[in-house]
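Participant: So you can see what is in the structure, the chains are spelled out below.
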Amino acid sequence: MKKAHIWLPVVLVAQLLILGAIVGKRERIMANGDVVYLKTMPVDPRDIFRGDYVVLDYELVHQAKGVIQNNNISTDNPYLRLQPNKRGVAQLVSVDSNKPQEGLFIRGFSNTVNYSEIPQLRLGIEKYFVEQGAGKELEALRGQAQSWQTPLEVQVALGEDGTPVITGHRFSPIRTRTRFADLEDTLPQRDRSPQHLEFSIENNNLATLSVFDNKIHCGFTLVHAETLRPVSLNRDCSEAALERTELSAGATYQVTIDLSQPQWQVKGQSDPLSLAGVDGAWQGFRLLYRDQSGADDGEQIISARFFRRGGID
Amino acid sequence: MKNAYIRWLREQTLQWHTSGIISEQQQQAILALYPEPPNSNWGQWLINAFAGVILGLGVILFFAYNWQDMHRYLKLLVIAAACIGVATLTWTLQRKNPPPPLANGMGLLWSMLFGAAIWLVSQIYHIDEHYPNFFMLWGLSALALAIILNNWMHSLLALILLSVWAGAEVWEFNATLHPAQAALLGLYVFCWRFQPAWLLLLSAYVNLLMLLSGLYNASGEYPELMVLAACSLVISLGYARGTSTSQYQLRLGLLYPAYTVVLLWLLAFGFDAKQPGWSPGETPAHWLGLLTIAAIVLAFVTLFMLRNQKDNSTLEKSWHLVLLAISNALALSLAYFPEWLSGQILDLLFSLILATHSILFIRQGNRQQRGLMVGFFALLLAIVVFARFMDLFDSLLLRSLAFVAVGLGLFLVGWYYQRNKDVKA
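Protein chains in written order, with full-length UniProt numbering: chain A, 1 to 313; chain B, 1 to 425.
Watch out, some of these pointers could steer you wrong.
To be verified - Computed cross-link-like contacts, PhoX-like style, restricted to lysine-lysine with a CA-CA straight-line distance of at most 25 Å:
1. A:LYS136 x B:LYS75
2. A:LYS25 x A:LYS136
3. A:LYS25 x B:LYS75
4. A:LYS136 x A:LYS215
For the record, the hints were derived by calculation from the structure and aren't laboratory data.
Here the structure is a predicted model, which is why all the values come from computation and not from measurement.
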């Protein structure tokens, strides 16, 4: 060990090579990768080593979980194939076990411990590091539960192997509000059973936004909050035609859904159940609007997560 | 002689001189026999080490602020330049003979700065793929420096970082036997050879904890056997190290014999091998196979290292080690290939190993004239034979022969013990 110090430069060179490799890969992706936007739902914690960050909860990850669960896909690295809409927001096309040969795709990670039946899936870009204090500002711009909320859309460059690198962000031009119209918040939570969910969509700054819906709100589906898989039976909707409503900038479309109606019943053990009869007060749901007109600029709009006892994220 | 003893001697001789028992010249003559070791600058070493670590943490927190107005290239340039500068300073100081205390502090600062660089890069590019990998890079770098600089402070830093890496893989990502544990085992072997006993022991416990957790993830059921087998591997290594160098004696004392007995007793009697209850799940069996092979290889390497040591004690301990490695191999193999051996053969094998251990301990107790030890293991040997022959053999003739053999054997032990005592007297 007497002349061990001659190895010190080797350690330094190895360190610099490792750092260089990590930095070089990301810089190459940022310079040459295809760019898409991923819609998110953030919160604001802090990392002890890297300061403030915003947790990014990607909509398409939830959708991919539903696909993985539905198709029993088992792999540590699922590949999410994407198709951007006219605004550049990525829509999920499929989830593959193997790396696609062409097109846009992101490599996911699902090798975390899984304590539930819901598949685990991450993209490796769930933390958006910001200057100390800036996370709070983003949070304020995003909006609070039960008030108007604007999703963050994260700009991501994609590498050839599906590695995503965050390169920026913007706010969605569509904002939403989710609340219960008949929530009796003076009652203890266990005694609450609100039935009327109010979901509002506002065209914040698009030229026009088309919403296809009808009187019994067949344009909307009740979905599982984690996997975005439909849970409502949407009875009476198979034949019902949808009407188009054009929202100019600043206009709002509001639906009030009576969750006790048969249309919003979910599959039970034998008979359909109303939401109030679903086991587990912790089970969350969302209302999902998907443009069914077939237009390639169609938007998917998702409500905040809500619970049958009236809680809303 | 240790500083503490010299201080004690100085105080005592001063008292003797004051009481008029010895003269001042005699007091000085006594003290001259035990010169104080050269000043080791411990205080300075520690202060520099703390300074290095704290300064490094400061740099990490500084970058954690995440200045938006500072371009990412400038951030990278600053941290890379700091790393290169401190590394160069460390190298320059380490070339001096002996290196000054500042060299150690600079080395630790270098390690911390590399950590800062990793976190900074992941912050700049919002990387959140698999955070234990950051600790892997940081920990392996610290391990490299620990080995090169051969300093316990670097080893401790490496141990902390590698433990976080392994802990995250095992607890958060449900790993069974992960390369992180191999890195920890590597550090353990390094400590075994070069580092103070307390660090070796700490490293052994961390290794144990990780193996325990990983193996629990693997089996889900009946984890105790896996755990005991893993423990025996680590403790037997520590024990072997205790035999090979007197400088860093690891005083396991009674722990090792007691542990061995408990392990082997469970293997021989506590495990219903006829109905294996292992559920390996999706664990890659080859990892366990590798661990088993490693146990055997390590045992024989140790034996090889001790080959020139002629004293009986070392050879006995080496045989303990080999027997324990064989037990490990059997237990772990059985976990994944329960069809290999029938329950009865296994019971017999583990019982034979336990009996052999007992005989070795009796021999050791005889040589060291430790009556309690001889008595305990003689009794244990008798119990093993009694219990085993009751459940493995129906023939009364065989049972009686076994009891006759054990009875005669115990007489022999008593006679041998007395003879040794007389010879020594």
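Participant: Evaluate each hint against the coordinates.
Facilitator: Structure-based check of all given hints:
Restraint check for LYS136 of chain A and LYS75 of chain B: satisfied, since their Cα atoms lie roughly 24 Å apart, inside the 25 Å limit. With a CA separation close to 31 Å, the supplied pair LYS25 of chain A and LYS136 of chain A exceeds the 25 Å bound. As the CA atoms of LYS25 of chain A and LYS75 of chain B are separated by approximately 17 Å, the hinted pair is consistent with the 25 Å bound. Restraint check for LYS136 of chain A and LYS215 of chain A: the C-alpha separation of about 39 Å exceeds 25 Å, so the hint is violated.
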